[in-house]
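Position chains F, S, A and D against the provided structure of chain X, taking the given hints into account.
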Amino acid sequence: MNYAIRKSSKKVGLAPGTLIHVGEQKVEKPRIRVIDFDETHHQEMELQNVEDSFPFKDSPTVTWLNIDGLHDISIIEKIGTHFDIHPLVLEDILHTSQRPKLEDYDHYIYIVLKMIHYKASDDEIQEEQFSLLLGDTFVITFQERVGDIFNPVRDRIRSGKFRIKKRKSDYLTYALIDAVIDNYFIVLENLSEHIENLEDDVLDHPSPDIGHKIHTLKRKLLSLRKSIWPLREVISELQRSESPLFEESTAPYLKDVYDHTIQVIDTIETFRDMVSGLLDTYMTSVSNRMNEVMKVLTIIATIFIPLTFLAGIYGMNFDFMPELKWHWSYFVLWAAMIIVAIIMIIFFRKKRWL
Amino acid sequence: MNYAIRKSSKKVGLAPGTLIHVGEQKVEKPRIRVIDFDETHHQEMELQNVEDSFPFKDSPTVTWLNIDGLHDISIIEKIGTHFDIHPLVLEDILHTSQRPKLEDYDHYIYIVLKMIHYKASDDEIQEEQFSLLLGDTFVITFQERVGDIFNPVRDRIRSGKFRIKKRKSDYLTYALIDAVIDNYFIVLENLSEHIENLEDDVLDHPSPDIGHKIHTLKRKLLSLRKSIWPLREVISELQRSESPLFEESTAPYLKDVYDHTIQVIDTIETFRDMVSGLLDTYMTSVSNRMNEVMKVLTIIATIFIPLTFLAGIYGMNFDFMPELKWHWSYFVLWAAMIIVAIIMIIFFRKKRWL
Amino acid sequence: MNYAIRKSSKKVGLAPGTLIHVGEQKVEKPRIRVIDFDETHHQEMELQNVEDSFPFKDSPTVTWLNIDGLHDISIIEKIGTHFDIHPLVLEDILHTSQRPKLEDYDHYIYIVLKMIHYKASDDEIQEEQFSLLLGDTFVITFQERVGDIFNPVRDRIRSGKFRIKKRKSDYLTYALIDAVIDNYFIVLENLSEHIENLEDDVLDHPSPDIGHKIHTLKRKLLSLRKSIWPLREVISELQRSESPLFEESTAPYLKDVYDHTIQVIDTIETFRDMVSGLLDTYMTSVSNRMNEVMKVLTIIATIFIPLTFLAGIYGMNFDFMPELKWHWSYFVLWAAMIIVAIIMIIFFRKKRWL
Amino acid sequence: MNYAIRKSSKKVGLAPGTLIHVGEQKVEKPRIRVIDFDETHHQEMELQNVEDSFPFKDSPTVTWLNIDGLHDISIIEKIGTHFDIHPLVLEDILHTSQRPKLEDYDHYIYIVLKMIHYKASDDEIQEEQFSLLLGDTFVITFQERVGDIFNPVRDRIRSGKFRIKKRKSDYLTYALIDAVIDNYFIVLENLSEHIENLEDDVLDHPSPDIGHKIHTLKRKLLSLRKSIWPLREVISELQRSESPLFEESTAPYLKDVYDHTIQVIDTIETFRDMVSGLLDTYMTSVSNRMNEVMKVLTIIATIFIPLTFLAGIYGMNFDFMPELKWHWSYFVLWAAMIIVAIIMIIFFRKKRWL
Amino acid sequence: MNYAIRKSSKKVGLAPGTLIHVGEQKVEKPRIRVIDFDETHHQEMELQNVEDSFPFKDSPTVTWLNIDGLHDISIIEKIGTHFDIHPLVLEDILHTSQRPKLEDYDHYIYIVLKMIHYKASDDEIQEEQFSLLLGDTFVITFQERVGDIFNPVRDRIRSGKFRIKKRKSDYLTYALIDAVIDNYFIVLENLSEHIENLEDDVLDHPSPDIGHKIHTLKRKLLSLRKSIWPLREVISELQRSESPLFEESTAPYLKDVYDHTIQVIDTIETFRDMVSGLLDTYMTSVSNRMNEVMKVLTIIATIFIPLTFLAGIYGMNFDFMPELKWHWSYFVLWAAMIIVAIIMIIFFRKKRWL
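Quick mapping for you: the protein sequence lines, in order, are chains X, F, S, A and D. Going by my numbering, the letters in the first sequence line up with residues 1 to 354, in that order. Going by my numbering, the letters in the second sequence line up with residues 1 to 354, in that order. Going by my numbering, the letters in the third sequence line up with residues 1 to 354, in that order. Going by my numbering, the letters in the fourth sequence line up with residues 1 to 354, in that order. Going by my numbering, the letters in the fifth sequence line up with residues 1 to 354, in that order.
Only true hints are included.
The list treats identical chains as one, so a pair stands whether inside a single copy or across any two.
Distance condition first, Cα-Cα at most 25 Å in a straight line; then the derived DSS-like pairs of lysine-lysine:
#1 213 to 351
#2 119 to 220
#3 78 to 26
#4 11 to 255
#5 11 to 168
#6 101 to 220
#7 168 to 101
#8 78 to 161
#9 11 to 161
#10 101 to 255
#11 119 to 11
#12 11 to 78
#13 161 to 255
Hint data in this document are derived by calculation from the structure and do not stem from the laboratory.
Isolated chain X, as found in the complex (with noise of 0.2 Å):
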């Protein structure tokens, strides 16, 4: 979170429209891919330049051209100028520290998504910027690295499910955005099982680094949902948007793409809750820990000083201490010990110390 205030703090007093890649470079060349199709065919290739792809624009057949990644500013330029896209969103799309959102340019929508890969490798939640432009006939999306996700989707417009339906670039939009929401449901079940062994962890046998733990978790939690919040207004936006890139019968989709973001949303805010209830109960069992502690202290230390002290007495070499002389002084004064050990047990069980 804190590389993304870096990444803008690194552009400031540049004019804006001003076109420069903010962020990590994560791969080598980028990879530029395009599938175009329509109900009746389909073609998919892997371009060595983007300028190839631009004969698809005009053509009335989908086209979806996919950037991976985006340190090649060239390319985001040429696009900029073919497609007539504005210099900001150009901006937005190298600038990879943004929010989501949605920018509605009538003959374009610019969507901004966070993509959220866990790798289990070092235990680490990775985002990386998505952006979309949708046409009239064509999507094009950037990303920051060569990923897998939207295989299931390349699948699908193959096997020729998208074609018999007619959908057009709405459809393929939503399909896209719901691959990419699809994929936040596994990083919360990789969260959700870290809350339940922390949960574990903390009723079971709560040891000092639980403190430690929870407060990571709470900042994943806190770096998830700064990237996920806004998505529901994103979505909203679409839902409700006059656009005619937009078909009625995309609604219902939209709909559930809504409702999916909802559930997410929902989810990171129970797990908060979760994670602030962990705490607390944490906090909790310290304070009992702690106080059994004291307890075992207080019971020795009450059964033992008086007894020593007694003891010491009977230790000092005054010339003239008429007890040492009698004879069964040493066993009454076991006795006496005994019975002051006694009373002071019997005081402890009543405290509900023992």
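Positioned in the frame of chain X, the structure of chains F, S, A and D alone reads:
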């Protein structure tokens, strides 16, 4: 709750409208029941094949088709085809981790609710998804298992109470939703008892496991709230609905069910406030007990440590210690010790520790 | 509050509009009183049968019919039939766990409020449901028990203050609601005293049972808030109401009663803030006292433990311990001990523990 | 604040519009002052009888009638009759526990505010109710005591600044409200100093009575907030008011006074955040000090308790203890003890306790 | 922040529109700069007298008049007269404790923002008030001191980037606001580093002064939030503004600056969440350490106190203590002591204290 997420992540990558049952199989074989009634007659039967219910669709009488058990997808598919239900709705019926919601598809309305069962045997709250399709002359309901909470509604149909009032399918829908919400009160009553018991425990004899109990209760409330909170919006949408499926005379009944929903939500919120108040009170009492333990330790230690020191002094073996020779030393020392102890006790009294 | 839930769960499974009294029976026999008045006369009587009040219905004078005690369902049923009241309204009148609400049924308005009584004898706050039916020329009120909070209103009717002003049933309704809300201030005053006392206790001599007292107070505020909060909306609906039952000249009075409601709610919220502030202050003072206890223990132990060690050293029985033979050893040791103690005390002073 | 409630409960059972003064009598005799001015002249006098001010009512000049002291009900009644004020308004003027509010009665507007005085002598914040009636050519103000916060306004009238600008009664109203709000800043400045002092105390030398001080400050902020928060709505209603009593040229001034109100409310909220932050910081520092105390105790006890044990061993009087006979035992023991102590100290250093 | 209040209380009692500079004087002599440009030329100069800039007012070119330093009231007055600015606006320009706001006076728009500077030398965040008057062909800006954050804007004007795009005064206004907001990111980045460092400290080696550091950070965030939060509304008003001063082509730029504002506010809120999470984590780790200290003490004391007691017993000088005579007593006692210690250690292991 984590279960719900796992279920959702299972569907990642599938095309929207793909019908698979996501959830536990809770009955061996789906049970299909039909009740058909109008002002003058009523007919009730259990079917082997769902197709047997289709003739009722076009009759002017009200038909209630009830499916218990969701794992047999073919039944859902047949209903979907015959009653012309949107594939996304069928998908949601089968995917048992929906939030409560209402969708209006002109010729029918789709409603999802959560039924809450309290299982006394293992003190668990179980959720079940309840889907309802409301058409002009039919109501189709889907439950995950065979249950008895709609028996009172069946009884009222049998006894003819519905007939004489010329109620239609919208009134049946109301009656079913009302039965679901009425059932929440039983769970709330059970929780209320839990909270009262916990309250007595916290105030009278707080034991260390109360932290865990409060935690468990909080979790239950959290999951209950997640299931019920969206209900408010569902009922409110029903009330505001302009759908011709709802007659004006049903409005007061919807208002009534809305009031109950508000009461349920209110009660859950009050429970949450009470439970978090309980945690505060528990933490206070833990602190107080620790304080008390500390005081006992401090009083004992503060009185006896100086006395033990004095006894230690006269236990030393220096050749030249004049006091050892004096005749009354021993008794003077005892006197001094008693005076020191009394001063200490007075000091503690002044500090209100005794 | 739990009581309210138990009451609700008792009704589960009954048909809507089924009349049963849910709540405690608080009077032996319902008391039925009628006051009938217009600009020139007023008439007051106590009835044996509710039917005797029916002739008043069609007279142009304002009739106030007051029923104290709800367990005789036949009375409610007769009123329902004669005045043409919706069955759900009758059900709500009998079911004494409603939230405050207002329902407009064109020819009459149904209002439910909660009356709050403070019972000084056992320091309890009691709730009572107050239902009011406002018609063109009549007001029917239902209370759970015989009470005296409407006596001032009766006195004003008797003294003719209502008559000269040509007030109608809407003004009577206002007067009754105002009386109910005025009564809240007495309960608030009582709570305010409680809080003040608790505040003095926390600041001057915090005892361990303050945690319980704060808990009890919180519970009271919680339940009070639950009863009064929805009132705001009720009065606000009254103000915005387009019903012909309300004359324009009553508007300033409704505005007045709305202001009082806001004041009551404001005060409850302030009380809640104050009580949670009290808990913080109490926890702080508990921590401070524990700190003080710890300091006393530490000072005593830190001074005497090293000295006792020294005394222990010279109490050893080794054959060869040169110091034991020296003549001034004992006095040198005393001096050393006093110096050690003084250094310790200086150390504590520097740490501000003394 | 509790005072306000007691005042309200005093009125329970009275008819609305009954005039009694609820509040302390703060001046011996009401003081009645009139300032009458227009573009060319200004006239100022102190009256014995309120009737003397009535001729001004119908003159086209702006008349400001100021009443200091509310206990003489006959004055209020006369004004009410002469200026045709609604009885509920007169009641509110006399009942000094109103929330700030605005009521528009067509031919006049009624505004209630709270004036806040800081009394340095006993470090108290005092509230006073300020009522204002704005008519076409007159402004009538009611204060509980004689104050000086409107002197700058009087000076500006005297100096002719109002005249040359052709301001009317609405501008005078603005000027008075502005004076009241300006006065809040003095109280805020005082509170700000308090908070700064408290902050220094908490950070530099936290003493146990800081809990009490924070508590008192919180209470002050709570009561201040209760008085000022509703002001926002009052001023906002003034701004949106369609009343012909307000000229368009006054709008920027109302916007200005609204900005100040927001600033006051903002500041109070920030103060609340700061004070609750202070409490957190204080609790942290209490915990830290307790930790430090514990460490000192633990270090001393942990070093000396084992050593004292060793000394105790060789203080035993068994006939056969071979070590006692050895020549170097004593010195070896000392060496062993020093080594144990050093090991302990190294252990504490590693744990960062030293 | 307290400073702001003191400034406000200084103005109490003055007539509205009275011009006095409230704030520190931060430059010796106001610096007056003018940049005048249109599509074909640009002219830049520094003036001695503000009057020299007035001829530019009526030229069709865009004129940017920049005043650094506010203490010379005559300059503000002259601008006010010449450009016909409302006296309340002039007052606000001079009174440097305004909240960010926008006021639309038809022929010009008045905008106030806060500029935030991070001073690395003493790790302080400084605020400066930035006022902007936007007219048809001019932009007048007022800063409290000479700063460099607008240099990139100047450079872009000089380089002709503004000219070719035919931008007008509204675009210049956008560019200036954008520069101010861009500058916030630098401060946010700095704070982000602070939080990260603090986080490392809390997790790795929590020292007692972290409480203070968290407190300071909270205060900074609180004051930052107070300055930036109202900005959201300002920019949103700009966007919705119907003013003819804003051309349609500027809309995407305003949307862009709005997105940045939301991002800044979002980040501040996230920082607040993170800092309060840090405090929780710190408190947890303080509790854990206290627990650990207690355990060490308890283990040592619990093992050695009983043993010391035993040693004390056999140090007593009773004449008749049979064990003292036995030959193996001493070794048996040692064995017993070691067994007791081992039992204790096993007990602690079972309790997971070791």
